[in-house]
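All residue numbers for the first sequence refer to the working numbering, where the first residue is 562 and numbers rise by one.
Among these hints, one or two may not hold up.
Claimed, not checked - Lysine-lysine pairs mimicking DSS-like chemistry, simulated, CA-CA at most 27 angstroms apart:
1) K773 / K755
2) K703 / K1181
3) K901 / K720
4) K1273 / K1150
5) K1318 / K1359
6) K1003 / K786
7) K983 / K901
8) K682 / K1181
9) K1354 / K602
10) K755 / K879
11) K1181 / K1217
12) K1359 / K1252
13) K602 / K580
14) K1422 / K1412
15) K1217 / K1072
16) K755 / K1003
17) K1220 / K1181
18) K1315 / K1217
19) K1160 / K1199
20) K779 / K790
21) K1354 / K601
22) K879 / K900
Calculated directly from the structure, the hints in this document are not laboratory data.
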Amino acid sequence: MAKQIENNKSYDFDKIENKWQSIWERESTFSVKGDLFKNKKKFYCLEMFPYPSGQIHMGHVRNYAIGDAIARFKRLKGYVVLHPIGFDSFGLPAENAAIKNKTNPSLWTKNNIGSMIRQFKRLGFSYDWDRIVITSEPSYYKWEQLFFLQMLKRGLAYKKISNVNWCESCHTTLANEQVEDGRCWRCGNNATIKNMEQWFFKITAYAEELLKGLDNLKGWPDKVKTMQKNWIGKSSGLSVFFKIAGSAEGEGVGIANNNHKENGNNGTIEIFTTRADTIFGATFIAISPFHLLAGKLTKDPEKKIELERIIHNSLISKDITEKEGFFTGSYAINPFTGKKIPIYVANFVLMDYGTGAIMSVPAHDARDYEFAKKYGIEIIRVIEPGKGLKKTSEDGLPYALCGVLVNSGEFNGLFSEKAGEKISGYAEKMGIGRRVINYRLKDWGISRQRYWGCPIPVVYCRKCGTVPLNESDLPLVLPDNVTFTGEGASPLEKLESFIGTKCPKCGGYAKRETDTMDTFVESSWYFLRYTLLDRDEPAPFKREDVMHWLPVDRYIGGVEHAIMHLLYSRFFVKALRDLNYFKLSEPFKNLLTQGMVVKNGAKMSKSKGNVVDPDELIKKLGADTVRLFVLFAAPPEKDLEWSDAGVEGMSRFIHKFYKTILTYEGIFRNIGGDFQIEKENVEIKHLHIIKKNEISQGVKKIIYQLGQVVEKVEVEMDGRYHFNTVISSSMELLNGFNNYATTHDIQKEGVLSKSDKYLLKYFLNSVIIILYPFIPHICSEAYEILNGSGIEKESWPKVLDTGHVQKKCNIAVQVNGKMRDLVAVDLNTDEDSALEIALSSNKIKKYVTHKNGIKKTIYIKNKLLSIIV
RNA sequence: GCGAGAGUGGCGGAAUUGGUAUACGCACUGGACUUAGAAUCCAGCGGAGCAAUCCUUGGGGGUUCGAGUCCCCCCUUUCGCACCA
């Protein structure tokens, strides 16, 4: 009923939006085809593609409205814009839905994609639909399997047994990046540790490049770069070999041929430290419970049970609530002091960082201190706070800062940094240690024990071992004929028709790999696939297309992918570069991370009951209104607080905007063609010439204001993307126009000169163009009403010089730094006359009684006069 | 604990470079139109005060003729990492 009333009035958004959406669809308005783009400026505008859950939410609307505004703006600025969309369609929800509803994941996914496409189209996003990517289709993942085989050949993909993160609820392993706060990123279940054989991508081979590359990503938010930097976690230090007392004594401890894996085999134990300067204070060695030596050195049966218990606890949860451990019974020799120090097993020592063993310096490390106190281990101070160094309140222990060495033999008196250098040098010279660089980053575990993912193209042959498929046998298609029991393992593991195959090498019986790839693999290269128009090409993409379109000029998505997706993608592009696909090192030049949409201060979620459904809102108020609100209510990088009343305000504005166009349509519809404002030198004959003396003052003024906004918006739309300020400026322009129009009664015959009419039409057209990126339907309609043609061939408005000279301006007058009055002065008035005028103001007189009393003045032309008395 | 960001009316937010704080919108109040309401339009809207005037950008200090903006300390809050040796 309410809608009926609205529709009977002027703005029938359903009709208008459907009209333009069908035009865009019919004419493929936003497709980039053929060679058209080759000699024009390009712009690759990309939003993170969605998982096809079937329902879009406000977060999507916001993400894609931002991207669409940028894409449409760039087109107006003359760029050929690649603006694609696709679906990240492998993943667990499809499989869970299949279990729950007894459907097929591929069918479920297909249906969801269909309804999401409908929703995107209903929102009027300007996508190039010819380039859609659906990652669960063999035509897509075929290439991913090829990359895998090529990476395998290069050693960038490999298999190993290790302790990996396991989510019992998702029944699969997780990469390190996918464990947040000890929990599974997807379901929030507590992650445990499992010892399993897994496929890995060797992302660590690129650790240094991934880190260094961040410096060049000028268009990324610092926040994201810091997060990646911390995640990569580079630290340089010293690894030192401590002899184990009583084992193979006298045997040389040369390290020339030693490597990590043999650690402990030759009667030594290798530790890693970033504080070599504290080595004289090392009073015990702590090793991880998973360390090879933990089992070897622990002889006492009771302690063996203790070790088992600690290992068990570490596997259950990554979270260590209390430090615990035990003395193994063995000692090591501190190579610098020559003293025997006990070797402890300690639960807080990580096996997969450094060497899995540390030298513990309780005097100068809080963790070691806590442990030493608990087990009564000796604490020796070796660092004193030096002069000129920042001191802690008491300089008590543990003292973890730098300082001057004491109790450190020949190194006494040196500052930490220098001492660290010398000690490291000494260790290297004596062959008992070496400088090393460690990264926190681990290789990317990509095996998933689930069905709905990209099959890993290898088989296991009893004779030949692990054998990759031949490239010509790709794609290895994920079989469709599976049954979902919902019990633990992937249905692939029971599908004999899939598992049983021939070994590509010997032709004998072989079993297929039943794990599938992490879905983050698909999203690591989809942005490359978009560049390929002809999907029948026998290639994942063409080098020339990638080199033309990439890097992505503006990438928009949620900050939750700051590490996972954005790090994997950077790695993948570097790996493909090294596989000689193209010369490109970084995929995303500029990154915009948008905030969440919240209601009543909380993230929208079903459980909180604060979800706003975009579909319903579009039905009620239209796509333009919804889009305008999500762009107006907050700058993109901040969280957006939902407000139903605020949305209605946007609807009101669009009504007003449309009404203005309809009201003045009659005056401006027949004003056509290009025009030129008269200039002294050149005039182009076929253009309408606007005579400056024919323009009324009011028109000059609003054209001047338009120019100011056009310039401001241009800056905003090219970097900061604070659409809220752009939209508010547009509102001011419209209000200004309406004010002028009503106070001057411009509809009356003879009020407007022909030049005025040309300029006011230009004004209205410009407002329409400025708003078009945000509310494209109504702007297309408004433009057509005034001009009889489509807005897409329009370009961004120019700033016109109508000869408008502002004669007066207000300057702020301060007395002793306090704002006292605003006075009107001629533009560019000099200081003396400005002061005269200011002093004639009653408000100023009150504070400045005598001109002689003035000590000093500060004058900024056309802005401010500051008087000090 | 470490690291990064944020704190401005009743609310979302503006002020990009130190120079008229509170643009734009929402909510609210009054008025016009109407039998009435909705919608629309007009006016008002940081706080205190009759007023002149004073106060106001989380709190305190500082630099400056002048600070929301720069510096120091503190508080609150959001996010990320969390035994990475």
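So if I understand the rule, the pair passes when the alpha-carbon distance is 27 angstroms or less; does K1160 with K1199 pass? holds, 14 angstroms
Restraint status (C-alpha distance of K755 to K1003 at most 27 angstroms): Since the Cα atoms of K755 and K1003 sit roughly 16 angstroms apart, the hinted pair holds (cutoff 27 angstroms).
Take a quick look at whether K879 and K900 sit within 27 angstroms of each other, Cα to Cα. violated, 34 angstroms
Quickly compare the C-alpha distance for K602 and K580 to 27 angstroms and report which way the hint goes. Between K602 and K580 the Cα gap is close to 30 angstroms, so the pair fails against 27 angstroms, i.e. violated.
If you draw a straight line from the CA of K779 to the CA of K790, is it 27 angstroms or shorter? holds, 14 angstroms
Given the proposed pairing of K1003 with K786, does the C-alpha separation stay at or below 27 angstroms? Holds. K1003 to K786 sits at ~18 angstroms (cutoff 27 angstroms).
Taken at face value, is the distance from the CA of K1181 to the CA of K1220 at most 27 angstroms? holds, 19 angstroms
Can you confirm whether the C-alpha distance between K682 and K1181 stays at or below 27 angstroms? holds, 17 angstroms
If you draw a straight line from the CA of K755 to the CA of K879, is it 27 angstroms or shorter? The given pair, whose Cα atoms are some 11 angstroms apart, holds under the 27 angstroms limit.
Checking one constraint from the list: CA of K1273 to CA of K1150, max 27 angstroms. Satisfied? holds, 24 angstroms
For the pair we were handed, K703 and K1181, check the Cα-Cα distance against 27 angstroms. Roughly 43 angstroms separates the two Cα atoms, so the pair is violated.
K1181 paired with K1217 [C-alpha distance capped at 27 angstroms]: holds, 17 angstroms
In summary, the structure is inconsistent with hints 1, 2, 3, 13, 15, 22 from the numbered list given earlier, while agreeing with the others.
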